[in-house]
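Peer 1: Each chain, letter by letter, is given below.
There are 2 protein chains.
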Amino acid sequence: MSEKRTEIGELGEFGLIDQLNSKIKIRHQETLKGIGDDAAVLDAGDKVKVITTDLLLEGVHFDLSYAPLHHLGFKAVAVNISDVAAMNAFPKQITVSIALSNRFSVEAVEALYAGINAAAEHYNVDVIGGDTTSSRSGLVISVTAIGEVEKGKEVYRSGAKVNDIICVTGDLGAALIGLQVLEREKEVFMADPNMKPQLDKYSYVTGRQLKPDARMDIIHELKELDVVPTAMMDVSDGLASELFHICKESNVGVMIYEDKLPIDKQTFDTAVEFNLDPITCVLNGGEDYELLFTISQDDFHKLEKHPDIHFIGHVTKADEGKFMVTKSETAVQLKAQGWVHF
Amino acid sequence: MSEKRTEIGELGEFGLIDQLNSKIKIRHQETLKGIGDDAAVLDAGDKVKVITTDLLLEGVHFDLSYAPLHHLGFKAVAVNISDVAAMNAFPKQITVSIALSNRFSVEAVEALYAGINAAAEHYNVDVIGGDTTSSRSGLVISVTAIGEVEKGKEVYRSGAKVNDIICVTGDLGAALIGLQVLEREKEVFMADPNMKPQLDKYSYVTGRQLKPDARMDIIHELKELDVVPTAMMDVSDGLASELFHICKESNVGVMIYEDKLPIDKQTFDTAVEFNLDPITCVLNGGEDYELLFTISQDDFHKLEKHPDIHFIGHVTKADEGKFMVTKSETAVQLKAQGWVHF
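Residue numbers (numbering that gives the first Met the number 0), protein chains in the order written: chain A, 0 to 341; chain B, 0 to 341.
In case anyone wonders, no lab produced these hints; they're calculated from the structure. Fair warning: this is a prediction, and the values are worked out from it, not measured in the lab. Note that CB positions come from ideal geometry on N, CA and C, so glycine has one too. Treat the hints with caution; some may be incorrect.
[Claimed, not checked] Mimicking DMTMM-like on lysine to aspartate or glutamate, the simulated pairs with C-alpha atoms at most 20 Å apart in a straight line are: (1) K150(B) to D45(A); (2) K22(A) to E106(B); (3) K150(A) to E29(B); (4) K24(A) to E109(B); (5) K24(A) to E120(B); (6) K22(B) to E109(A); (7) K22(B) to E106(A); (8) K200(B) to E186(B); (9) K22(B) to D130(A); (10) K24(A) to D130(B); (11) K24(B) to D130(A); (12) K24(B) to E109(A); (13) K22(A) to E120(B); (14) K150(A) to D42(B); (15) K22(B) to E120(A); (16) K24(B) to E120(A); (17) K22(A) to D130(B); (18) K3(A) to E106(B); (19) K150(B) to E29(A); (20) K3(B) to E109(A); (21) K3(B) to E106(A); (22) K3(A) to E109(B); (23) K150(B) to D42(A); (24) K24(B) to D42(B); (25) K222(A) to D212(A).
[Claimed, not checked] Not the full set, but computed from the structure, chain B residues with beta-carbon under 8 Å of chain A: (26) L15; (27) I23; (28) K48; (29) Y112; (30) D125.
[Claimed, not checked] Here are some chain A residues pointing at chain B (derived, C-beta under 8 Å): (31) T5; (32) G8; (33) G33.
With the rest of the complex left out, here is chain A (with noise of 0.2 Å):
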């Protein structure tokens, strides 16, 4: 028998996903999309379904000093909502398991289960089963859910065509800047419990990390005007990573350019208040939830004066890279960062 361990560290988180991965086989048609997309997509009839899980953990994805557990509840179902809309698919329904400690009251697991009732209104999806179980420690929630679409309008991370322009909706980089201020005010807090946080002036930041919304007004408008994008996924690891899986899928490159990348003013003042550099905020903060995508030029017309879709560049050969434009004209390589959980 042999001995031999290797540290989680050597290989990284994405290395051991993806050599775990590779011992993976599909064994039924019905399995249209296995890993490697937002979401997993399911032949059903003329639809099809798509599948997405998420497991969050007390003290790794979430922090109940500052997280109100009805934030909490939402956000659980809403970072699911946001793989299904990265599908192109309608959610319909979710399961939700809990494990929770008897450190918790009934009144606690009413107001998680209350922000989990109103992100299913919100979203208009059914909760269809679960599990509720106890925990020797913290609280995990692990939430999946299914979503629907016409079989053909499925979007891929895999198909951007040269040429494409890319969009993304809403803003960048507030969640990453909301959680800097969370944690500021819990170390002033820890350090003098009686000072009370001063979050008034951070409401749009932090209610961007505590409270995200899942883009499926976005979903919808793009099926009214009938527009399928190319390629598309949700934010949640930082814009530039999301830019490498869909080059990376799709066999293109990508140029973008800084100064058409959505920031929200109050992120842009804040990150400076934290020595950050805002482009990087924009570039490399994850839990946005927006929806990255591109489309056909033919398209462009359909989208061109959306109020909150912006077009931040285009799509290139593989082999001419992937690259930014600085405001002063310089082509910058992107790199990936991403979020390292291990």
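Dock chain B against the given chain A, drawing on the hints supplied.
Peer 2: Leaving out everything else, chain B in the frame of chain A:
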């Protein structure tokens, strides 16, 4: 703001779950069944899809001091497949999310996934997604399974009719007894690490605890024999508890016979060794993952000679109650005990 704090223990796990579920609304007609059966049922053209999920936590659902990671990976899948089987459906896909700390080596994670992949092969399912993340404490495994069956052939807990025959597969109580053995050997080992665990003569019962098999073989056979049970569920919480669920959902009573209850000899002998009543183990032992189902009397001849299906009683009217006729021909009222996690 109310400062009321109600302890979860005041409501109990089932009370809490009932209270949370009472606030859930179903919005989509595609959701044929939400919470309340072994799996949810979704419309999918001429088929239905069934979805079930389980959340397993170290220290609550498993103990790594005696559960080998390979077996644990297999079991995490099998318990979900068992819920698919309980709907009379055929499993097609699973998602697997794992949270683990850096006390696990790459080799340990590979052993866990080898068990997951072995189960995926054994049950002929595709691993289509999941999440791998870090945990600050113990190992967490969340599996969601998706199955499929021709519309109208899915079996709920609610279909049992008066005079139907109650069937159970395999034998019961072994997993509970296996757990007793493993816990005892762990204590011996903790007291003196030089002691070798004495497990050889308990291999059947410990195997039933560590690596249960979902009874997909029975679902395939029922299909071949053209038998659709009137009601079905898997025995995860204990026979008595499951019978109570069927009685409640089908609005019926039951009469079962002690001398018909299947128990393996090693289970019986080991129960006696532990000063436990073997029949109590059969009635209230959890985690056997056998199938409990009811069939119309017209179908009895098709199953009559099956070596691994036992006919333990029949369905009565609800007002006739839930009884077991003992070997001494006394009718005693059944009590549901099941597992309490909080």
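Peer 1: Checking one constraint from the list: CA of K150(B) to CA of D45(A), max 20 Å. Satisfied?
Peer 2: Answer holds: K150(B) to D45(A) is near 16 Å, not above 20 Å.
Peer 1: Below or equal to 20 Å on CA atoms is what counts here, so check K24(A) against E120(B).
Peer 2: holds (9 Å)
Peer 1: Would you mind confirming whether the straight-line C-alpha gap from K200(B) to E186(B) stays at or under 20 Å?
Peer 2: Within the cut-off at roughly 18 Å; holds.
Peer 1: With a cut-off of 20 Å on the C-alpha distance, tell me whether K22(B) and E106(A) pass.
Peer 2: holds (14 Å)
Peer 1: For the hint on G8(A), does the least C-beta distance to chain B fall short of 8 Å?
Peer 2: holds (7 Å)
Peer 1: Are K150(B) and D42(A) close enough, with their CA atoms no more than 20 Å apart?
Peer 2: holds (16 Å)
Peer 1: K3(B) and E106(A): Cα distance at most 20 Å?
Peer 2: It holds: about 7 Å lies between the C-alpha atoms, which stays within 20 Å.
Peer 1: Does D125(B) pass the interface hint, meaning its C-beta sits closer than 8 Å to a C-beta of chain A?
Peer 2: holds (5 Å)
Peer 1: Decide if the proposed pair is consistent with the structure: K24(B) and D42(B), CA atoms, cutoff 20 Å inclusive.
Peer 2: holds (17 Å)
Peer 1: Is K3(A) within 20 Å of E109(B), Cα to Cα?
Peer 2: holds (12 Å)
Peer 1: Take the C-alpha atoms of K22(B) and E109(A), compute the straight-line distance between them, and say whether it is at most 20 Å.
Peer 2: Distance ~10 Å between K22(B) and E109(A) Cα, so the pair holds.
Peer 1: Does the nearest C-beta of chain A fall within a distance shorter than 8 Å of the C-beta of Y112(B)?
Peer 2: Since the shortest Cβ distance to chain A is 5 Å, the answer is holds.
Of the numbered hints given earlier, the model fails none.
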